[in-house]
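Protein chains: 2
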Amino acid sequence: MRGLHTPNLPEKIVDAIAKVVGDPPVALHEPHFSCKESDYLEECLTSTFVSSVGSYVDRFEAELANYTGAKYAIALVNGTSALHISLKLADVGLGDEVLIPALTFIATANAVSYCGAIPILIDADPKTLGVDPAALREYLNENSVIRDKHCINKLTGNHIKAIIPMHTFGHPVKMDELISVASDYHLTIIEDAAESLGSYYCGKHTGTFGLLGTLSFNGNKTITTGGGGAILTNNKNLAKRAKHLTTTAKLPHRWEYIHDEVGYNYRMPNINAALGCAQLEQVDKFIKNKRNLYSKYQSAFANLNGVSIFSEPEDCMSNYWLQTLILTNEDKILRDEILSLTNNKGYMTRPVWSLLHKLEPYKNCQHMELSVAESLSSRLINLPSNV
Amino acid sequence: MRGLHTPNLPEKIVDAIAKVVGDPPVALHEPHFSCKESDYLEECLTSTFVSSVGSYVDRFEAELANYTGAKYAIALVNGTSALHISLKLADVGLGDEVLIPALTFIATANAVSYCGAIPILIDADPKTLGVDPAALREYLNENSVIRDKHCINKLTGNHIKAIIPMHTFGHPVKMDELISVASDYHLTIIEDAAESLGSYYCGKHTGTFGLLGTLSFNGNKTITTGGGGAILTNNKNLAKRAKHLTTTAKLPHRWEYIHDEVGYNYRMPNINAALGCAQLEQVDKFIKNKRNLYSKYQSAFANLNGVSIFSEPEDCMSNYWLQTLILTNEDKILRDEILSLTNNKGYMTRPVWSLLHKLEPYKNCQHMELSVAESLSSRLINLPSNV
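Protein chains in written order, with my numbering: chain V, 1 to 387; chain Z, 1 to 387.
So here's chain V without its partners, still in its complex pose:
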């Protein structure tokens, strides 16, 4: 039986979207540029500093630190590289294990793989869409043992070293509870805040709770540098090591080329940082618009049974990067029909990512019961979030 709650639900969803965002085509998310982007790019060309050294990189890093409240920000080529280096800085290496959400973009897992480490997948919390700290505690209680302040996986004997909470669509994970679990099990927290620039948990910016946090400035994010990312940390040594590791581990010298470890070429070019500086000046406006859009969707869908618009978790201020529609269990069979109809009508929508254990490279990962993540993945649809 189709559309139990509401007859013609897909068509009514299209109507509600149209009411909010107007005539099609409407993208899922598009970047917006003011005149400053042009000016800064032009300045960049004039200075000839377009590459890995330049004043916009320094400025972007300083402004990111200021905006997020992190002591240090290190600008990189993308969010994936930021996760990769953060894991290295947390000493995650061959055969280590890292707890990550089952419900996340594949980059979270890939960064773990780059280190030769192995992901363990955690279920989601329906109130945040992120990892569920209570379920995690229960899982670790049953499946791990603490030896010499190391969390050891009973099944594999490997060291479970870190946890990467990801703030889904800009909605913060329950960080207080997560910090408590991480503390009890001696896990390093690395926050994947790729989607949550401008999102706060209890008044504190996401990405600043863990030892390290990461951001993304891909073209589909709240602000963009073309491609880009950043590491956030309050630890001076880690910040210094992050810069060193991402600039080929070259030691400072007037002319000699001495590198003291295997490094990476991950620094953000100055021309991308120039774009970032102009974008960051507008971030408050972007987020205000995203939050207004949420209110409009909330109103437009208020009387539509069978669906709800996801709201920011308690004690949080979300950036509402992507607006999220949730179908009821009864109506979830309509998911693909809704995706098809909305996209055919020119309103770009998408489902959530395939759960990691459904993907070929991670199908054999150890994981807890993933019933909430499974349920969410069958019921979530991101709506046009362009503002």
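Treat the hints as calculated values from the structure; they're not laboratory data. You may find that some hints are simply not true.
One copy or two, it doesn't matter: identical chains are merged, so the pair holds either way.
Claimed, not checked - Taking lysine to aspartate or glutamate pairs in the EDC-like style, the calculated list, with each CA pair at most 20 Å apart, reads:
hint: 1; residue 1: Lys288; residue 2: Asp315
hint: 2; residue 1: Lys363; residue 2: Glu256
hint: 3; residue 1: Lys358; residue 2: Glu261
hint: 4; residue 1: Lys363; residue 2: Glu261
hint: 5; residue 1: Lys236; residue 2: Glu142
Following the hints, position chain Z against chain V.
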């Protein structure tokens, strides 16, 4: 005894440089921008396509293929990522061994490390500054054995899978001889052409001889995209795999997120490709100016005993990316004094990279007798090459 050939050699070198490049300060290399760079960046902003999808990426790839004569070019975030993915495409993995020059930038070795593979270091040819195919053949003859068309390292028992010739400062390696050795020992050739855009060996562009070739468009290269690189190949399947692996291995689908292997976030953003398109339009002019600069240095240093200006190898046309001064054995003790004086006077010069086996992460690498590389590294100085 100092300056055997010429009294006051460091001072005379400064005079000769000044004669060629004029008043200081003069950089080692600076990018040059015309009005087109501005126009294309502006177009990029107007289109809102600044990120990993966009028409400038497609155009840059097509124009790179056209310029180099490769069938396919894949634009990436930098030259290091291009080497990393090329090695993956050549099936280089954990415990494999890869022959690389001892005299190269550390990125060549790092890319091998990223794959879990191990570099073996090769000596240099004084006529090309790149790997010496004759010395390589002799080394492989003594130190390897062929089993089932696999080159096996007698010492380690590991599979020596590939060789990465690097075209130093834009001067091509003796590719005919190298191809013959690679063929006899069943080695895959991946060319590190990071420095040699616009350099030809026997009329064929560097980077198009091996199964795969790589380019760099860092700010210090002949043309720049801020940060960037590319893979060149004539193999359609490899080109397709390169795009797939560098875009998170996502399968094409209207909305689903299905990734079939551990992929990377290595694609060049459109805004960087926009810069690249404008730069590529000027590459012939840049190289003409670089070659003219070589002639001027050649004249200015002609009467200075104790030094020579390095000239393109036989049958080659080099881009002369960086101009290279070579000291005699007698005068090499003056190297640091020359570096110091020239830099103090505002003429940016630099020595060649530290040889890889002198660097902490590669000090235990297996290597042949490296007497030529050792000698060259003590005698080479790059001169201001800004044009």
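I'd like to know which numbered hints this structure contradicts. Please list them from smallest to largest. Hint 5 contradicted; others consistent.
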